[in-house]
Structure formats: structure tokens, C-alpha cells
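Top to bottom, those sequences are chains A and B. Just so we're aligned, residue 468 is where the first sequence starts under the numbering used here, counting upward by one. Just so we're aligned, residue 29 is where the second sequence starts under the numbering used here, counting upward by one.
The hints are simulated quantities; they were obtained by calculation from the structure and are not laboratory data. Quick reminder that beta carbons are idealized off the backbone N, C-alpha and C, glycines included. Please note that a few of the clues may not be correct.
[To be verified] Derived pair list, reagent style SDA-like, types lysine to any residue, alpha-carbon separation capped at 20 angstroms: (1) B:72 - A:542; (2) B:72 - A:525; (3) B:72 - A:523; (4) B:124 - A:486; (5) B:72 - A:533; (6) B:72 - A:549; (7) B:72 - A:512; (8) B:72 - A:478; (9) B:72 - A:469; (10) B:124 - A:478; (11) B:72 - A:537; (12) B:72 - A:509; (13) B:124 - A:544; (14) B:72 - A:508; (15) B:72 - A:490.
[What the hints assert, rightly or not] From the structure, some residues in chain B lie toward chain A, with a derived Cβ separation under 8 angstroms: (16) 36; (17) 39; (18) 41; (19) 44; (20) 58; (21) 61; (22) 63; (23) 66; (24) 67; (25) 70; (26) 76; (27) 77; (28) 97; (29) 98; (30) 108; (31) 115.
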Amino acid sequence: MIVTLVYYAAGVVFTVAAILGVVQVVRGPSILDRVIGSDVLLTTLILVLGAEMVVNGHTQTIPIMVVLAATAAFSTVAVARYVSRQDHPEVEQ
Amino acid sequence: MSAGELLDLAAAVCLLLGALLSLAAGVGLVRFPDALSRLHAATKPQVLGLMFIVIAIALSARSLTVLLALVPVVVFQMLTAPIAAHMIGRAGYRTKNFRRELLAVDELEVAVEQASRDAQFTRLAKAVRDDEPDA
Chain A
468 MIVTLVYYAA GVVFTVAAIL GVVQVVRGPS ILDRVIGSDV LLTTLILVLG
518 AEMVVNGHTQ TIPIMVVLAA TAAFSTVAVA RYVSRQDHPE VEQ
Chain B
29 MSAGELLDLA AAVCLLLGAL LSLAAGVGLV RFPDALSRLH AATKPQVLGL
79 MFIVIAIALS ARSLTVLLAL VPVVVFQMLT APIAAHMIGR AGYRTKNFRR
129 ELLAVDELEV AVEQASRDAQ FTRLAKAVRD DEPDA
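Isolated chain A (complex conformation) (with noise of 0.2 angstroms):
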């Protein structure tokens, strides 16, 4: 019973969190502050794969987590290698 709750409860804050990453990658300003945005959503994302096999009880997705955890770093590394001066109006030079 009361395990069911905080199952609920973490499901509730992991939508919470994804959210915000959402609104940040939309919010900008910045390309650095988006690609932070969905760097933080791949983030939640590989936790929610790894939370739904303990809610569920099977370890099938173990796999996919190794997989993105080796490679969500390559797309942030790809995107802040091309960040240029004229890609943040609102900070001055």
C-alpha cells in the first residue's frame, strides 16, 4: 500500500521534472540553456526507463539504459562545439 503511494508520488515528480525540462528547452534564451534543457530531459528519461522496471518487476530495458547513458553526452558535446558569440543576444559582448 504504501509503496503503491510513493510509486504514484515519484511518477507525479518525474512528470514534474521532465516539464520543466520541456519549458527550459522552449524558454531558452540561449542555445547552451536549451541544449541544458534536453540534456536534463534525457537525464529524467533514462531514470523513468530504470523507475518503470521497478514498478513493474522485470529487467528488460537494463539494455537501453546502458545504451543512453553511453551516448546522451554526445549530442550536448556535438551542439556546445558549434556555440558561437551571436547565439545569445541578450548578453553583452
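For chain A, the structure is supplied; the task is to place chain B on it using the hints.
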């Protein structure tokens, strides 16, 4: 309450802690003023949150095979998360995407100035050397 139920409860608590870290990252993203502060918030669930979830999986599955399969998840995340954070921090500093008035100390500024002075000196020295045959 049996041992299995206790372990399930511990797994659920670990799950909730990981979820709360993820929420902290989301709140930090929306509330913090610049990219470097947001980076600080975003990197919390990447390692500690993932470790909580992995512990929760291990506690609920209770098998050595699963535990061994979970080790690479944490290892790969620990290998790649600092690379991403480093690249964002580097890009954020170089494009001046942070509020200087929020910094207590900027140790990198000295190194950057020194490097640009060295580059200028090298350019001048090369220009002088190239001129010499004509003189």
C-alpha cells in the same frame, strides 16, 4: 513485515529520492539566471539520481546478474557526463554566456589573458622575422 517487503519499500524510497533529484534539476533549470548556474543544477541527477535508481532496481530484482548488468550503466554515465558538462562549461565561458557580477572569482580570466598575450607576441615575432630578408 517480511524482509522482501522491507527491500521493496527501500527500493521505492530510492526511486522517490532519484525522482526528487530530477525535479531539483528541473526547478534549477527554470529558476537559475545563466547557463553555467543551470549546468550546475542539471548535473545533479546525472550521477546521483541514476545511482539511486540503479540501487532501487538492484533492491527490487535481488539477483547478482542484474547487479552486474547495472554496473556498466553507472560506469558509462560517469565517463560521459563530465565530458558533456566540460564542453558546455567551455562554450558558456567562451561565449560569455554567464553573469560576471555573480562570480566570486574568475581564475580562468588570467590564463586567457596570458594566452592571448603569448599569441600576440608570437605574431609580432613572426612578422619581424619575415621582414628581415627585405631589410
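request  = For the pair supplied as a hint, residue 72 of chain B and residue 525 of chain A, confirm whether the alpha-carbon distance does not exceed 20 angstroms.
outcome  = 27 angstroms, violated
ask   = Does the alpha-carbon distance linking residue 72 of chain B and residue 508 of chain A stay inside the 20 angstroms limit?
value = 13 angstroms, holds
query = Once the shortest beta carbon distance from residue 108 of chain B to chain A is found, is it less than 8 angstroms?
reply = Hint holds; residue 108 of chain B Cβ to chain A Cβ min 4 angstroms, cut 8 angstroms.
query = Does residue 67 of chain B pass the interface check with chain A, least Cβ-Cβ distance below 8 angstroms?
reply = 6 angstroms, holds
query = Does the structure keep residue 124 of chain B and residue 478 of chain A at a Cα separation of 20 angstroms or less?
reply = Status violated; Cα separation ~37 angstroms.
Pair hint outcome, residue 72 of chain B versus residue 523 of chain A [Cα-Cα no greater than 20 angstroms] = 26 angstroms, violated
Straight-line alpha-carbon gap residue 72 of chain B to residue 542 of chain A, limit 20 angstroms = With a Cα-Cα distance of about 19 angstroms, the restraint between residue 72 of chain B and residue 542 of chain A holds, given a limit of 20 angstroms.
ask   = Hint check: is the beta carbon of residue 97 of chain B less than 8 angstroms from a beta carbon of chain A?
value = 5 angstroms, holds
request  = Sort out whether residue 469 of chain A lies within 20 angstroms of residue 72 of chain B, counting only the CA atoms.
outcome  = Violated: residue 72 of chain B and residue 469 of chain A sit about 27 angstroms apart, past 20 angstroms.
Hint consistency between residue 72 of chain B and residue 537 of chain A [alpha-carbon to alpha-carbon, up to 20 angstroms] = Cα-Cα ~17 angstroms, so holds.
message = Check the hint pairing residue 124 of chain B with residue 544 of chain A against an upper bound of 20 angstroms on the C-alpha distance.
response = At roughly 18 angstroms apart (the allowed maximum being 20 angstroms), residue 544 of chain A and residue 124 of chain B satisfy the hint.
When the least beta-carbon distance from residue 61 of chain B to chain A is tested against 8 angstroms, hint result = For residue 61 of chain B, the interface hint is violated, since the closest Cβ of chain A sits about 10 angstroms away, which is over 8 angstroms.
When held up to the earlier numbered hints, the structure conflicts with 2, 3, 4, 6, 9, 10, 21 and 26 and fits the remainder.
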